[in-house]
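**Student:** Letter by letter, the chains look like this.
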Amino acid sequence: MWQAIQQNKIKSVILIISMGILLVMLGAAIGGSVTGSQDGILGGVFLAGLAWFFLTVLAVLEGKNILLSLSGAREVSHDDAPQLYNIVEEMRIAAALPATPKVFIIESRAPNAFAVGTPSNAAVAVTTGLLSVLSRDELQGVIAHEIGHVKNQDSRFMTLAGIMLGVIVVLADVYTRSMFYGGMGSRRSSSSSRDGGGNQLQLILFVIAIVLAILAPILANLLYFACSRSREYLADASAAIFTRYPEGLASALEKISRSTIPLESANRVTAPMYIINPLNKASGNAVFSLFSTHPPTEERIKILRTMASGAGLGEYNKAYASLKGGNIAGGSDLRSAEELELRGIKREQPAFDRKQQTRDANDILLRVNKFNFIDCACGLRIKVPPMFSAKSVNCPRCGAKHEI
Amino acid sequence: MSGAVLGIMAMVFIGIVVVIGLWFLMTYNGLVALRNQVKNAWAQIDVQLKRRHDLIPNIVETVKGYAKHESGTFEAVVKARAAAVQASGVAAQAKAEGELSGVLSRLMAVAEAYPDLKANQNFLALQEELSSTENKIAFSRQAYNDQVMIYNTRIQVIPSNIVANIGGFTAMDLFELKDEAQRQAPSVKF
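So the sequences go chain by chain: A and B. With this note's numbering as the guide, the letters of the first sequence map in order to residues 1 to 404. With this note's numbering as the guide, the letters of the second sequence map in order to residues 1001 to 1190.
Any given hint could be a false lead.
Straight line, CA to CA, 25 Å or less: simulated BS3-like cross-link-like pairs of lysine-lysine [as the list claims (entries may be wrong)]: (1) K1050(B) / K1039(B); (2) K1050(B) / K1095(B); (3) K1118(B) / K383(A); (4) K355(A) / K1118(B); (5) K1039(B) / K1095(B); (6) K1118(B) / K1068(B).
Some chain B residues well away from chain A (every beta-carbon gap over 10 Å; in silico) [as the list claims (entries may be wrong)]: (7) L1006; (8) G1007; (9) A1083; (10) A1092; (11) G1098; (12) Y1114; (13) E1128; (14) S1132.
Simulated from the structure, these hints should not be mistaken for lab results. Glycine included, each C-beta is placed from N, C-alpha and C at the ideal position.
Work the whole structure out from these sequences, hints included.
**Tutor:** Written out as structure tokens, the structure reads:
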């Protein structure tokens, strides 16, 4: 794992430096073309340097929160979602992280999950759809996979890369779109005024738009390459080590990949962070899989299920080699390479009730939204919205009066 | 001439002593760091064991409300809990906690026979807390045992065992819950 952490640190430094060079070059080009003088170029470079500095600071300090709010994630406490919170704590202990990651929930029927942040300041986000389709052991496998990303510091790098590259991708998208629509509008207005200076500025802005339009998809693909597929295998292997139960993650992956519901809040920037690529299902073309950040899910499941005699990295590597040949990169020094005993299913599994679990997942959202839960003696649970102003409420089934 | 040879020999001797001294210091500090990691891992288990001790009275009270005739099981749980709270030292604590796990699983098996109890929200919440705490105990035990293995190996192998002997580092016990009570399947009495 040390090797994987080291690689992520090196990648982070390379990312920050190359972003600086790119921004300074852009600044020089824009500054030069706007003013056409030496001072203009210097000014552009200075402003770009400033932008780079603030972008880096922003990505390091606020990256986690920005990505979470971009995904529409809401924080939950132990009281809101006891089981989810407990599972995160269990995996924190198994992975020996210095602090318990914060837990977030995303309102979507698409089952998916991701993690952001550093080992001492991480966050794990899951969708309500995930909670409604997975059993406890499966959810544990998914959380273990995410904690594996945190432990290997993949999440730290992805947070940094997501913000730094993502800002440009998003800006370019917005800019080119506004140029397309705004440009047509202003052409109409400029035809009435015929201002020469305005035309020159428009030409420059148009050139910037073209440059950004070319740059944005390249950067987006860079983001995909940055988080290589081997990291997903390594996180799967970590999940097996933490839980000592690879079948949990395997059957979770099976369930998640079977779902065809798209995740509305995912976009090109946040997509590589998820446990299963949320955009893959929507597009589903062959070109996409070439740039895919995630290895084929069927392969990941098969490897996990081949781990018959142990939960250590050695066993995972053996399974990987028997199916694909070779070893997974970055994990050769994992200390737990020795064989680890697999955990049998000790406790009896409660009957899986999808309807009940969907209801529970939605209750978590209601609790986050400060709904009041009142259990009536007749067995009915009354959910009172926070804007409800009356002092008491009558049970709709038995009519009993409840104080709020 | 012999004076010069003596001087060189003295320098070499001093050099060797300094190198050995430095090695001794580094090894000693390394062992202290390892021992602290083991203690930290133990503290993690301790937190979870305490949490389990705190949960048990609540669970017993809740089950009692529905299953009044199981007083034998309740007494066994309360007794095992008291023994576990009293126990000190890794080996004794492991034994007491193992027995507690055994009677607890018997209590939960008893609860299975009461549908009203199983539908109780409070009981379901407590059940989730208890099973999660058991998981946390298992996972922190996993982390503790890994750490103890590293530490024990370090103080037994040559040459760091010399430093360990002089510094008074002793082998630590593994935390094994696998005793008879744990291995037996919970017997359900009706």
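**Student:** Confirm or reject each hint.
**Tutor:** Hints versus structure:
1. K1050(B) / K1039(B): Satisfied, since the Cα-Cα distance of roughly 16 Å is no more than 25 Å.
2. K1050(B) / K1095(B): Holds, at roughly 15 Å.
3. K1118(B) / K383(A): holds (22 Å)
4. K355(A) / K1118(B): holds (18 Å)
5. K1039(B) / K1095(B): holds (19 Å)
6. K1118(B) / K1068(B): Roughly 15 Å between the alpha carbons, so the hint for K1118(B) and K1068(B) holds.
7. L1006: holds (48 Å)
8. G1007: Correct as stated: the minimum Cβ-Cβ distance to chain A is 46 Å, above 10 Å.
9. A1083: holds (23 Å)
10. A1092: A1092(B) clear of chain A: closest Cβ-Cβ about 23 Å, beyond 10 Å.
11. G1098: With a cut-off of 10 Å, G1098(B) remains clear of chain A, as the shortest Cβ separation is near 14 Å.
12. Y1114: holds (15 Å)
13. E1128: violated (5 Å)
14. S1132: Violated, since 4 Å does not exceed 10 Å.
This entry does not satisfy hints 13 and 14, going by the numbered hints stated previously.
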